[in-house]
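K.L.:
Each residue of the sequence shown is one higher than the one before, starting from 1 at the first, in UniProt numbering.
One should not assume that every hint holds.
Straight-line C-alpha distance at most 35 Å; calculated DSBU-like pairs for lysine-lysine [what the hints assert, rightly or not]: (1) K70 - K58; (2) K60 - K49; (3) K99 - K60; (4) K60 - K70; (5) K70 - K49; (6) K99 - K58; (7) K99 - K70; (8) K49 - K99.
Simulated restraints on C-beta separations [said to hold, decoys possible]: (9) K49 - C92: 16 to 22 Å; (10) P103 - K70: 19 to 25 Å; (11) C92 - R47: 16 to 22 Å; (12) P103 - W40: 16 to 22 Å.
These aren't lab readings, by the way, just hints derived from the structure by calculation.
Bear in mind that the values here come from a model prediction, so they are computed numbers and not experimental data.
Note that beta-carbon positions come from the ideal geometry of N, C-alpha and C, so glycine has one too.
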Amino acid sequence: MAAVAALAGLSPDARAEYGDVVINNYSDASGMRPVVFPHWFHRIRYRCKVCHADLGFKFKAGGNEINMVKVIDGQFCGACHNGDVAWSIENCNMCHSGKPNTPTQVHESTINSLVIPGGAQKEKRP
1 MAAVAALAGL SPDARAEYGD VVINNYSDAS GMRPVVFPHW FHRIRYRCKV
51 CHADLGFKFK AGGNEINMVK VIDGQFCGAC HNGDVAWSIE NCNMCHSGKP
101 NTPTQVHEST INSLVIPGGA QKEKRP
């Protein structure tokens, strides 16, 4: 599969890692690969409020109606990925790098780190 992707000029499918969020609200239906969002990388540079308060991202994978029209309009990812703050959207493969048919989700290792064995949930911080 990687060889086919290379011949087509595409990068191989990215493997989601700890802290990544796969976003596949509309990608498969549009013939695009899902977005692999490196939450950990953004978290190193920005405080939670930048994206979750100022830009309106909900704290739930799949909780946002992100689509390319909104991104191009400067909403969600497009607030920074505009060519000034961060790379612009012309190179689709920079974001649309996931394995096709992967559902919208937080990487399982991230979920596992948030759940205490035995079914109890961690106490929420104020």
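K.L.:
If a hint holds in the structure, say so; if it does not, say that too.
P.N.:
Hints and how they fare:
1. K70 - K58: holds (15 Å)
2. K60 - K49: Holds - the C-alpha atoms of K49 and K60 are around 15 Å apart, at most 35 Å.
3. K99 - K60: Holds. K99 to K60 sits at ~21 Å (cutoff 35 Å).
4. K60 - K70: holds (18 Å)
5. K70 - K49: holds (20 Å)
6. K99 - K58: holds (24 Å)
7. K99 - K70: Holds - the C-alpha atoms of K70 and K99 are around 23 Å apart, at most 35 Å.
8. K49 - K99: Roughly 29 Å between the alpha carbons, so the hint for K49 and K99 holds.
9. K49 - C92: 16 to 22 Å: violated (29 Å)
10. P103 - K70: 19 to 25 Å: holds (20 Å)
11. C92 - R47: 16 to 22 Å: violated (28 Å)
12. P103 - W40: 16 to 22 Å: Since the Cβ atoms of P103 and W40 sit about 20 Å apart, the hinted range of 16 to 22 Å holds.
The earlier numbered hints that this structure contradicts are 9, 11.
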